[in-house]
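Given chain A, work out where chain B should sit, using these hints.
In order, the protein sequences belong to chains A and B. Converting from the first sequence to our numbering requires adding 5 to each position, the first position being numbered 1. Converting from the second sequence to our numbering requires adding 209 to each position, the first position being numbered 1.
FYI, nobody ran anything at the bench for these hints, they're computed from the structure. Don't take each hint at face value.
Short, incomplete list of chain B residues facing chain A, as computed with Cβ under 8 Å [said to hold, decoys possible]:
1. Pro214
2. Thr222
3. Ala295
4. Leu314
5. Val315
6. Leu330
7. Arg332
8. Leu333
9. Ser425
10. Pro442
11. Asp451
12. Leu461
13. Ser464
14. Gly472
15. Ala473
16. Val475
Backbone N, C-alpha and C fix where the C-beta goes; we use that ideal spot for every residue, glycine too.
This is what each chain is made of:
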Amino acid sequence: MVSRTLLKSTLTLGLGVSALLPVVLLAVWSFAGRWYFPALWPSEWSVRAWQSVFSPTSQVWTALWGSLWVASVTAVLGTAIALPAARALSLGTVRVKGLLSALLLAPLVLPSFASVMGIQVIFIRLGLADTRPGVVLAHLIPVVPYAVVLLGGVFGGYDARLEGAARTLGASRSQVFWRVTLPVILPGVLVSLLFAFLVSWSEYLLTLIVGGGQVLTLPLLLFSAVQGGDYAITGALSLLYIAPTLAVFAVIAPRVQGWRT
Amino acid sequence: MRLLPFLPALVVTALLFGGGLLLGGLQSLGYAPALGQTALKLDAYRDLFADRSFWAALGLTAWVATASTFLAAVFGTAFALLLQRAGAGGRLRFLFGLTLPIPHLVASVLTLLLISQSGLLSRLTLAAGITSGPQDFPALLYDRRGLGILLELVWKETPFIGLNVLAALTRLDPRLNEVARTLGAGRWTRLVRVTLPLIRPALLSSGILVFAFSLSSFEVPALLGATSPTTLPVLAYRAFTDTDLSTRAEALAISMVVAALGGALVWGYVRATGRGGRG
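Chain A with its partners taken away, still in its complex shape (with noise of 0.2 Å):
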């Protein structure tokens, strides 16, 4: 029994010094003034960054509306196309099940910026090339597999039977969603929203594909800033991007078993 308490104790020191570790290094180079090899610490402090990050005038103002912006839609939107297909998967005996798993499951082992470089000749002809709801498009194909996933397991201990007994109690269709199988779901729904969000708010690659540049999205911004060698910006950039994403965990991590960004 000592040994298993000893166990306990060592993976939560190793495993919380390795959980803080990234926040405190980001959060050091985003206060740097000067550090330079071989400092272990910096010589100088300076709020630099985050004055130039916060600045009026600071690009970070549209990529962070532009992320929002995408991740929120593509979230809704995802969550809202994937909730009959779980559902239908979940309760209903449809023959062909195997296959309809197949093709909406393909994504997540199967390149999205392949099918995207493909479609992008069609999107440049519809308008959609450089503009955030092309991006949405785009965010939607990796984030609707993980929907259906997720969704279909929220219905795995559904009862369909109550919403018969609502029917016949007289309410009608949409009576029976909101009233019914909303309520029973919610706490499904909101997890799969919020993990639709994270899943869009990490997306680089689509969204340089499709948005051409054009459309600002924080990871553009973060990426370009380490390229650019600056590490107090890239510190400031990091905790401001990783902010959202670990708040979220912090909410679902207890609901979800596997997961994937």
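Here is chain B on its own, set in the frame of chain A:
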């Protein structure tokens, strides 16, 4: 209509995604009506297969994806077993999973800040007297073997596989191990003959996802890898954004190779698991 609920999702995954792959395939064969080219030919693939940098990229991509999946599976399983022995509560699992929501772009930044030749580790080894300067610290970034890429992927994917395996471990009937013990099986035999076979499905399915992700990862090799050899997705993106429009077919041919690699893997997985049935 029973298929109606599937329609919106299928519009995304079959029409948009599948259609995109199909169009990509056609364009890789030189189909470009806007440029007046409607004949299908294999020129792009012929050029590609004659190009040494393509083979170097294919080799690096396959190596990085295989090695990172293997290492993440080993470390993930080890952590899952340790966490289970420690009676992993929610807090431990939360700490273990905390790398999951960090985007690969930021994970690459962290890798860069930690293990570049002027990074924090190099400074620490200098201070400890192990190295005598930045050039003395091993060049893990921008190297031909993609070690920096590998490190980032293993760091990010170990908790993913680990949590999936841990979920499978907690579902296991503890009596199985007890029975094996009463029958005289030692700790090692029980691990290899009882536990591992039972967590195999979880290990395989999460491993497949990690492999597929590593194959098509872009930010990580773009930031941590060498300019040449690079990985297939980076090569594809470079060709795709080339101002010379004729490289479009080449970009899509490279993308089709990545898709084929992923497809072949899944096909093998379905065949392997389909034979023994589910469970």
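Here's how the hints hold up against the structure:
1. Pro214: holds, 4 Å
2. Thr222: At about 5 Å, which falls below the 8 Å cut-off, the nearest Cβ of chain A leaves the hint on Thr222/B intact, so it holds.
3. Ala295: holds, 4 Å
4. Leu314: holds, 5 Å
5. Val315: OK, holds: Val315/B within 8 Å of chain A, min 5 Å.
6. Leu330: Given a least distance of 11 Å, the restraint on Leu330/B is violated.
7. Arg332: At 5 Å from the nearest chain A Cβ, Arg332/B passes the 8 Å test, so the hint holds.
8. Leu333: Where the cut-off is 8 Å and the nearest Cβ of chain A is about 7 Å from Leu333/B, the hint holds.
9. Ser425: holds, 4 Å
10. Pro442: It holds, given that the least Cβ distance between Pro442/B and chain A is near 6 Å, below 8 Å.
11. Asp451: violated, 13 Å
12. Leu461: With Cβ-Cβ at 6 Å, under 8 Å, it holds.
13. Ser464: With a minimum Cβ separation of about 4 Å from chain A (threshold 8 Å), the hint on Ser464/B holds.
14. Gly472: holds, 6 Å
15. Ala473: Where the cut-off is 8 Å and the nearest Cβ of chain A is about 11 Å from Ala473/B, the hint is violated.
16. Val475: holds, 5 Å
This entry does not satisfy hints 6, 11, 15, going by the numbered hints stated previously.
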